[in-house]
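Top line first, the protein sequences correspond to chains A and B. Yeah, the first sequence ends on 1074 if you go by the working numbering, and it's all consecutive. Yeah, the second sequence ends on 376 if you go by the working numbering, and it's all consecutive.
Just so you know, the hints here were simulated from the structure itself, not pulled from any lab data. Remember, predicted model here, so these are calculated numbers, not experimental data. Just so you know, even glycine gets a beta-carbon here, dropped at the ideal spot from N, CA and C. Some clues are possibly wrong.
Residues on chain B that point at chain A, a partial pick, calculated with CB under 8 Å [to be verified]:
hint, residue
1, N103
2, Y105
3, T116
4, A123
5, R125
6, H149
7, R358
Here are the chains, one letter per residue:
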Amino acid sequence: MTTTSTRPHELPVQELERVTIRFAGDSGDGMQLTGMQFTRTAAVFGNDVSTFPDYPAEIRAPAGSLPGVSGFQISFSSTDIHTPGDQPDVLVAMNPAALKANIGDLPAGGALIVNSDAFTPTNLAKAGYETNPLADGSLKAYTVFEIPITTLNARALEGLEMTNKQIDLTKNFFALGLMFWLYERSMEPTLRWIDEKFAKRPVIAEANKRALKAGYAFGETTEIFHTHYRVAPAHLPPGTYRNITGNEATALGFLVASKKADRPLFYASYPITPASDILHQLSGYKTFGVKSFQAEDEIAAMGAAIGAAYGGLLGLTGTSGPGLALKSEAINLAVMTELPVVIVDVQRAGPSTGMPTKTEQGDLLQALFGRNGESPLPVVAPATPAECFDLAFEAARIALRHMTPVIYLSDAFLATGAEPWRIPDLDSLPSIAVPNATDPATFQPYARDPETLARPWAVPGTPGLEHRIGGLEKADITGNVSYDPENHHRMTLLRAEKVARVANDIPALETYGVDEGELLILGWGSTYGALRSAVERLLAEGQSVAHAHLRYLNPFPANTGDVLRRYRRVLIPELNLGQLLMLIRARYLVDAEGYHRVRGKPFRISEIHERAEQILAGR
Amino acid sequence: MTNPTTPAPLSPENAAVIKLTRKDFASDQEVRWCPGCGDYSILAQTQKTMPEFGVPKENIVFISGIGCSGRLPYYMNTYGFHTIHGRAPTLATGLKAARPELMVWVITGDGDALSIGGNHVLHAMRKNVDIKLIMFNNRIYGLTKGQASPTSEFGKVTKSTPAGTIDHPVSPLSVALAAEATFVARSVDTHTEHLQGTLERAGFHRGSVFVEVLQNCNIFNDGAYREFTDREVREDRMLVLEHGQPMIFGKDRDKGIRLRGLHPEVVQLGHGITEEDLVVHDEKAEDPYLAFMLSRMWWPEFPVPVGVLRNIERPTHDQLMVDQIAAEIARRGAGDLEALLASGDTWVVK
Chain A
456 MTTTSTRPHE LPVQELERVT IRFAGDSGDG MQLTGMQFTR TAAVFGNDVS TFPDYPAEIR
516 APAGSLPGVS GFQISFSSTD IHTPGDQPDV LVAMNPAALK ANIGDLPAGG ALIVNSDAFT
576 PTNLAKAGYE TNPLADGSLK AYTVFEIPIT TLNARALEGL EMTNKQIDLT KNFFALGLMF
636 WLYERSMEPT LRWIDEKFAK RPVIAEANKR ALKAGYAFGE TTEIFHTHYR VAPAHLPPGT
696 YRNITGNEAT ALGFLVASKK ADRPLFYASY PITPASDILH QLSGYKTFGV KSFQAEDEIA
756 AMGAAIGAAY GGLLGLTGTS GPGLALKSEA INLAVMTELP VVIVDVQRAG PSTGMPTKTE
816 QGDLLQALFG RNGESPLPVV APATPAECFD LAFEAARIAL RHMTPVIYLS DAFLATGAEP
876 WRIPDLDSLP SIAVPNATDP ATFQPYARDP ETLARPWAVP GTPGLEHRIG GLEKADITGN
936 VSYDPENHHR MTLLRAEKVA RVANDIPALE TYGVDEGELL ILGWGSTYGA LRSAVERLLA
996 EGQSVAHAHL RYLNPFPANT GDVLRRYRRV LIPELNLGQL LMLIRARYLV DAEGYHRVRG
1056 KPFRISEIHE RAEQILAGR
Chain B
27 MTNPTTPAPL SPENAAVIKL TRKDFASDQE VRWCPGCGDY SILAQTQKTM PEFGVPKENI
87 VFISGIGCSG RLPYYMNTYG FHTIHGRAPT LATGLKAARP ELMVWVITGD GDALSIGGNH
147 VLHAMRKNVD IKLIMFNNRI YGLTKGQASP TSEFGKVTKS TPAGTIDHPV SPLSVALAAE
207 ATFVARSVDT HTEHLQGTLE RAGFHRGSVF VEVLQNCNIF NDGAYREFTD REVREDRMLV
267 LEHGQPMIFG KDRDKGIRLR GLHPEVVQLG HGITEEDLVV HDEKAEDPYL AFMLSRMWWP
327 EFPVPVGVLR NIERPTHDQL MVDQIAAEIA RRGAGDLEAL LASGDTWVVK
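The shape of chain A in the complex, shown without the other chains (with noise of 0.2 Å):
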């Protein structure tokens, strides 16, 4: 820790490694705009951040409300970070309600801001507060700031011709420009945004402008805060950097294999959160020659991939969990024609509705079985909201060359949490091209590669390659309709000998931390973070321990049964009652044990940390 003096008012800068802030209101008080904003800000300085927006389904649920409050969670660092955080350093709380719902998470000693005029006696009724609590010493434990942001905020405004309430919507700015200057951040990337957003309303813009500058500002004269803080730039590898959110490099990826793969991509998708920023931002590639589709519902969604794919192109539809079981006889027809189509699966909690905006892992088993009859198909699920990129090219690379569908598993967390991108060089990515059948003098519709089994991919236009395909079984060879007995065994078996052979072409399961020993964490999807942070720690500490996370659900890795036994006790820890537990054990015979949490919410480290120290303890 090091103190400088550069401000004007001399306050001491602390020099901190990682600060997680979380930013509070109500859903229509634009926090997920506020954080965001303090995202890129950070990121585009060259911290590492991660970040969790959580917010309700309802998109204007009652003001004041608990239901309706809204949040988002980013930790920067100047280190290497998997992670949100745990626990916020530094809580704003623009009412009440926001101040209730999270104030549990605050550890004591830790920063609360709020916004002391929502402190009225009619919000306090709302969020169901008896006695002030600004008031009532109930937050003694903790540094808080009353700041009037409401009165201030207006005050900066004063002159513009706007409505009180337009006023009001822009005092998340104030706040935002507060934390600007707490932590030593530049405005401009937040002022450059504001002019582009706003460019067709400059009353808008200025409004906007002045907020954040009259939170700056605020910090800077006002003398209620004692120091500010400083996080360093982090050391990433070496590379050109951009922050991402996972539904953005799904989309990406799936470009990217696309044009790696020399064909068109169609995307079909019905609305469903919280996949829809797929469908908004592949319907945005139209220059990129990107055909996307809004379908009437999922199952049209999946027939139209299907329909594209048997055209040709590369097929891709995306949903969450209820979307997923609407397709799945639309994906067995996919299994049985073996058609190229990729699955994404944004997963949230269920089950039936569920809660749409919460993160889950629950369609693992709904993805390797959810269908009628013997259904095998590969299943892949990034890591990390950057990771998607590469899973997605992934995912549609194993569609082509094994000409099955593909199930790509992300969930909410991943898909609206966001970490900073290294972007990839397009030339130094292979290509994933396969070629169409085009001779008719050899062609059979299910003969097969002898390395891979996938069968020819014959597209209508094809002179002489007139056949016919569909969902009944079919014929080993020719593909005409079969009853036979044995056919149908023997099919069977060599769909899943398809599937099976996949591990072939997949990179082995690594190790983090020892390379046998006392305790193996072997996680899949967005439970990365938690799952790594708590292993470092652990290593830290010089336990025997290290982590395992599998990109492959199905086939697994061909090494995963060498990996599990080099380890005296295997933890599963699972955003589900223990799915990918009951798999690893049925598979492997290890008597693996699981740790589920299903809060609609990500693990925290510690609760990882604490599980495996109990494990490493003999408990």
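On the provided structure of chain A, position chain B as indicated by the hints.
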């Protein structure tokens, strides 16, 4: 790969160049419908019609759902896809959007199109997807051995409705019109010449086609249309629609359809009533009221209309998709992938 955006030639002139015959469109698969099924005739007329379009057979795709009709693609020597129940329009929509140059036919039945697949028919029609949907209407579930369908008449006794169905039937053509199909027609399996002519017109239409073929299931619903389709009575009990012509029918062409207010009525020509008093068919009318009226007419109150009820032009879904992409590229230039990846705020770590 190439992704041609201009549809292949579709013209009688081109047909003379390509010179395909009915036999070229018969596959090597043995046809397996019940002997006497109306589907045989529909298949035959379909195979006979195909050479007329001037489309190479590799550019023709037949996509079907589930039901007896679903087998038709196996018997066509074109590309074919026998999909799942009710979903054929979805695959056809995806295929046509992906490959606008293909000629895509959807083969479906009353259960497939109007029950399990009703939603997809609605949207394929309103989007004016350039697909030719042919619905075999036998007013029964045949492949599952005889349950009531959405077009079964009220009170019909079937295996699933032993005391008679309590469900009011839908008129397929009313549904197609309400769904904004741009080509809506009806024909009959055994009226081979009329059926062939209807399929031909359907094939040349650009946009969403809905053709209802009244088809006899001789096993589970034999004689469903006999009362008005039999040779001896059909001229008196059916109305053959012709664009621009007054609605006249009858063996002696002595009966017609006149409008009384908003309602049609059957009139006998003569005794002061002349052709001038009759409704003139206009399949190109911008508003669909006349077509809708025709879609409600049924024996014995009225002669059953066959022919083209509606035939209008509207930009097709696939063409609009292609145009929109072209317009965006013209406006903003072809996409630069490297620039896209590096868009937004970036920073360099050394």
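Tested hints:
The restraint placing B/N103 at the interface with chain A holds, with a minimum CB-CB distance near 6 Å, inside the 8 Å limit. A least Cβ separation of about 4 Å between B/Y105 and chain A falls short of the 8 Å threshold, and the interface hint therefore holds. With a cut of 8 Å, the hint placing B/T116 at the interface with chain A holds, because the nearest CB-to-CB distance is about 3 Å. Taking 8 Å as the C-beta cut-off, the interface hint given for B/A123 holds, the closest approach to chain A being about 6 Å.
Interface hint status for B/R125: upheld, as the beta-carbon distance to the closest one in chain A is roughly 4 Å, under 8 Å. Nearest Cβ of chain A to the Cβ of B/H149: about 4 Å, under the 8 Å cut. The hint holds. At about 5 Å, the closest approach between the beta carbon of B/R358 and any beta carbon in chain A falls short of 8 Å, and the interface hint on this residue holds.
When each numbered hint is compared with the structure, no violation occurs for any of them.
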